[in-house]
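There are 2 protein chains.
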Amino acid sequence: MRIGILGGGQLGRMLALAGYPLGMTTTVLDPAADPCAAQVCPHIRGEFDDFAALFDLVKTSDFVTYEFENVPVETVRWLADRVPVFPPPRALEVSQDRVTEKKFLESLGIPLPPFQPVETRADFDAALQTIGLPAVLKTRRFGYDGKGQAVLRTPAEAEAAWLKLNGRPLILEGFVTFDRELSLIAVRDRGRAIACYPLIENQHIDGILHRSIAPAQACGEELNERAAEYASRILQELDYVGVLTVEWFQDGPRLIANEIAPRVHNSGHWTIEVAAASQFENHLRAGCGLSLGRTAATGVAAMFNFIGTLPNASDVLTEPHAHFHAYGKADRPGRKVGHVTLRCESAEELQAMLPDWDRRFSRS
Amino acid sequence: MRIGILGGGQLGRMLALAGYPLGMTTTVLDPAADPCAAQVCPHIRGEFDDFAALFDLVKTSDFVTYEFENVPVETVRWLADRVPVFPPPRALEVSQDRVTEKKFLESLGIPLPPFQPVETRADFDAALQTIGLPAVLKTRRFGYDGKGQAVLRTPAEAEAAWLKLNGRPLILEGFVTFDRELSLIAVRDRGRAIACYPLIENQHIDGILHRSIAPAQACGEELNERAAEYASRILQELDYVGVLTVEWFQDGPRLIANEIAPRVHNSGHWTIEVAAASQFENHLRAGCGLSLGRTAATGVAAMFNFIGTLPNASDVLTEPHAHFHAYGKADRPGRKVGHVTLRCESAEELQAMLPDWDRRFSRS
Numbered sequence: 005m006r007i008g009i010l011g012g013g014q015l016g017r018m019l020a021l022a023g024y025p026l027g028m029t030t031t032v033l034d035p036a037a038d039p040c041a042a043q044v045c046p047h048i049r050g051e052f053d054d055f056a057a058l059f060d061l062v063k064t065s066d067f068v069t070y071e072f073e074n075v076p077v078e079t080v081r082w083l084a085d086r087v088p089v090f091p092p093p094r095a096l097e098v099s100q101d102r103v104t105e106k107k108f109l110e111s112l113g114i115p116l117p118p119f120q121p122v123e124t125r126a127d128f129d130a131a132l133q134t135i136g137l138p139a140v141l142k143t144r145r146f147g148y149d150g151k152g153q154a155v156l157r158t159p160a161e162a163e164a165a166w167l168k169l170n171g172r173p174l175i176l177e178g179f180v181t182f183d184r185e186l187s188l189i190a191v192r193d194r195g196r197a198i199a200c201y202p203l204i205e206n207q208h209i210d211g212i213l214h215r216s217i218a219p220a221q222a223c224g225e226e227l228n229e230r231a232a233e234y235a236s237r238i239l240q241e242l243d244y245v246g247v248l249t250v251e252w253f254q255d256g257p258r259l260i261a262n263e264i265a266p267r268v269h270n271s272g273h274w275t276i277e278v279a280a281a282s283q284f285e286n287h288l289r290a291g292c293g294l295s296l297g298r299t300a301a302t303g304v305a306a307m308f309n310f311i312g313t314l315p316n317a318s319d320v321l322t323e324p325h326a327h328f329h330a331y332g333k334a335d336r337p338g339r340k341v342g343h344v345t346l347r348c349e350s351a352e353e354l355q356a357m358l359p360d361w362d363r364r365f366s367r368s
Numbered sequence: 005m006r007i008g009i010l011g012g013g014q015l016g017r018m019l020a021l022a023g024y025p026l027g028m029t030t031t032v033l034d035p036a037a038d039p040c041a042a043q044v045c046p047h048i049r050g051e052f053d054d055f056a057a058l059f060d061l062v063k064t065s066d067f068v069t070y071e072f073e074n075v076p077v078e079t080v081r082w083l084a085d086r087v088p089v090f091p092p093p094r095a096l097e098v099s100q101d102r103v104t105e106k107k108f109l110e111s112l113g114i115p116l117p118p119f120q121p122v123e124t125r126a127d128f129d130a131a132l133q134t135i136g137l138p139a140v141l142k143t144r145r146f147g148y149d150g151k152g153q154a155v156l157r158t159p160a161e162a163e164a165a166w167l168k169l170n171g172r173p174l175i176l177e178g179f180v181t182f183d184r185e186l187s188l189i190a191v192r193d194r195g196r197a198i199a200c201y202p203l204i205e206n207q208h209i210d211g212i213l214h215r216s217i218a219p220a221q222a223c224g225e226e227l228n229e230r231a232a233e234y235a236s237r238i239l240q241e242l243d244y245v246g247v248l249t250v251e252w253f254q255d256g257p258r259l260i261a262n263e264i265a266p267r268v269h270n271s272g273h274w275t276i277e278v279a280a281a282s283q284f285e286n287h288l289r290a291g292c293g294l295s296l297g298r299t300a301a302t303g304v305a306a307m308f309n310f311i312g313t314l315p316n317a318s319d320v321l322t323e324p325h326a327h328f329h330a331y332g333k334a335d336r337p338g339r340k341v342g343h344v345t346l347r348c349e350s351a352e353e354l355q356a357m358l359p360d361w362d363r364r365f366s367r368s
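As given, the protein sequences belong to chains B and Y, one line each in that order.
To get the working numbering, take the position in the first sequence, counting from 1, and add 4.
To get the working numbering, take the position in the second sequence, counting from 1, and add 4.
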């Protein structure tokens with residue numbers, strides 16, 4: 005089976021590596037000269053609207069998927085007319101625009117912060133009036149890793165955020181007070197079976213994922229079941245195939261949706277070592293019409309991103325519980341260049357290790 | 005870190021795939037036009053005594069290893085003068101000749117069947133006299149998967165075996181009565197630390213590994229410790245770095261050495277899913293001066309080889325405990341084209357699945 009991937013970053017790279025044992029060969033399309041996935045599989049260099057390059061991808065692929073959501077929807081629709089594409093283009097469309105996304109989730113009865121689209125200064129003032137402070141002003145499109153957003157606590161901060169962000173379509177969201185951020189990684193196969201990994205607890209630093217703990221501790225069956233049920237509504241409504249990630253705010257017993265990502269996700273990297281089938285393997289299995297692999301955690305895991313600088317493998321692997329992942333990228337401030345997953349048998353064992361690892365990898 | 009591998013078969017392929025997350029890139033040298041490892045990493049085409057090709061490998065490698073033991077020792081010594089090579093050339097030399105190997109193991113006090121080198125008809129008759137029937141006549145060199153050997157139960161079989169095999173240096177070994185065949189996969193790092201995976205139980209059909217069960221059931225601590233202690237003697241004597249496999253006959257409480265392989269081994273494929281660090285990862289970690297990863301089994305595993313024909317992934321992966329591995333090879337009778345590992349939590353669960361899987365994959 006030949007898989008084409010739009011995007012050749014670390015997610016594409018890990019998809020390609022997961023594909024080989026399944027007998028799948030991968031080609032990535034990416035505008036960069038040397039995206040890191042190109043170290044492990046063939047690469048077609050081209051912009052995501054370069055139809056000659058896209059046609060080359062069609063010719064070398066039985067299925068096409070994408071590893072990030074800022075691919076033009078027109079591209080994915082064009083591809084879907086020529087070759088099976090998963091997840092479906094509509095999932096991409098929904099996730100690309102925060103207002104479309106929120107309206108979609110709202111239509112499914114999934115809890116959300118209050119929100120209002122903002123185009124003009126008058127919209128902004130009206131939205132501030134309705135939603136009140138604190139609030140968060142975000143661009144509707146092309147945000148990632150905390151870019152393109154600002155928290156407004158005071159009228160002065162609101163003014164500053166307006167000056168910085170206006171001119172693009174915006175959304176004002178109510179500020180959610182939450183205990184912690186969670187994510188759920190769900191997958192649906194071509195036979196419509198759905199499987200979910202356990203809820204994951206995520207910590208961000210400067211808007212970039214710093215650490216994930218899985219399974220999220222002190223969650224209970226009830227919260228996991230509710231998150232899975234909400235995810236199922238989304239997957240079914242979109243007639244989705246592949247991995248979908250839903251990011252949540254947890255406020256006591258409440259789950260409030262933050263956003264969805266129609267792809268494998270940074271918070272799911274622990275599944276490589278601590279689930280029978282990783283998110284990467286299950287995404288490919290789903291897309292190619294295979295049955296899903298098991299998603300239960302086989303231990304407890306903490307994943308730390310390496311941001312900016314890749315540590316030496318020798319320094320990380322002195323810890324026998326550590327699994328090291330280099331992405332083959334050059335160091336650069338703010339860039340995700342690798343990660344480490346700690347795999348333990350018990351939550352207590354893992355907890356004891358966290359403070360030290362937090363210290364080591366909390367700087368960019 | 006750049007790793008060169010002599011040989012581009014499935015073992016080289018799985019080494020290359022294990023290297024990527026560690027930040028290692030691999031090049032294989034292989035005489036074939038399209039060895040299966042070349043689908044996942046660069047390939048230098050050349051015979052193992054083509055020094056121009058070997059020099060190309062030196063230039064692209066920080067370390068060199070080998071994935072099978074029928075590489076000329078001169079080649080590996082020549083490489084070792086130019087680039088670090090692991091395991092050490094002497095390990096290769098010892099394992100290539102059954103008489104050298106047995107004398108080496110004997111010198112370390114490791115239990116063996118009686119054996120005698122055979123060059124001439126007179127040697128053969130004398131050896132038959134000393135060792136008696138039943139016995140096994142084998143070529144000293146280049147045997148694998150049961151090729152180049154014959155079991156002698158009667159004088160007529162002895163005669164037939166002599167006619168078939170004579171003309172090459174041979175060895176006559178006493179026929180060992182055994183309960184089962186086991187293997188131990190051990191690894192030693194550059195800091196001289198040694199780790200062993202648990203003993204594995206192996207079943208062969210027509211001389212080719214059919215099935216491995218790990219950990220081997222009903223072994224007990226004592227047998228595992230003894231096998232590990234014997235392996236340590238070998239590793240230390242050879243000042244070994246990397247993975248070493250020792251094949252054993254078990255006869256009640258006795259372990260009798262069959263042969264050693266200075267490399268990752270077919271019976272260790274289960275370690276990909278059912279140990280924290282696979283044999284492939286630990287081989288690379290050892291060779292590159294990293295600490296070893298954990299070798300304990302994290303569940304119970306059965307590995308079945310796909311011989312001759314690769315089944316459809318879709319037929320295998322309906323079983324949620326199955327992990328599918330395709331090697332990217334064309335089907336051919338007697339060829340290892342892939343494997344499946346079943347991973348269970350309990351031995352009982354695994355035992356219940358075995359008869360069906362034995363039936364499915366016991367034909368070539």
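Hint data in this document are derived by calculation from the structure and do not stem from the laboratory.
All of these numbers come straight from a predicted model, not from anything done at the bench.
Mixed in with the good hints, there may be bad ones.
Here chain B is said to cover these stretches of chain Y; the calculated rule only asks that three of the stretch's residues, wherever they fall, bring their Cβ under 8 Å from a Cβ of chain B [what the hints assert, rightly or not]:
no. : stretch
1   : 51 to 58
2   : 187 to 199
3   : 317 to 323
Pair by pair, the computed Cβ-Cβ distance ranges are [said to hold, decoys possible]:
no. : chain 1 : residue 1 : chain 2 : residue 2 : range
4   : B       : D335      : Y       : G195      : 57 to 65 Å
5   : Y       : R196      : B       : E352      : 27 to 35 Å
6   : Y       : E51       : B       : D66       : 31 to 39 Å
Ideal placement from N, C-alpha and C gives every residue a C-beta, glycine not left out.
Right, here's what the structure says about each hint:
1. Check on the stretch 51 to 58 of chain Y: 0 of its residues sit with their Cβ under 8 Å from a Cβ of chain B, so the three-residue criterion for coverage is violated.
2. With a cut-off of 8 Å between beta carbons, the stretch 187 to 199 of chain Y has 0 residues touching chain B; three or more are needed, and the interface restraint is violated.
3. Note: the stretch 317 to 323 of chain Y has 4 residues with beta-carbon separation from chain B under 8 Å; the three-residue rule is met and the coverage holds.
4. Taking 57 to 65 Å as the suggested C-beta distance range, the pair D335 of chain B and G195 of chain Y does not conform, at roughly 27 Å.
5. For the pair R196 of chain Y and E352 of chain B, the supplied restraint of 27 to 35 Å holds, since their beta-carbon distance comes to about 32 Å.
6. Separated by about 36 Å at the C-beta atoms, E51 of chain Y and D66 of chain B satisfy the suggested range of 31 to 39 Å.
Violated hints for the displayed structure, listed by number in ascending order: 1, 2 and 4.
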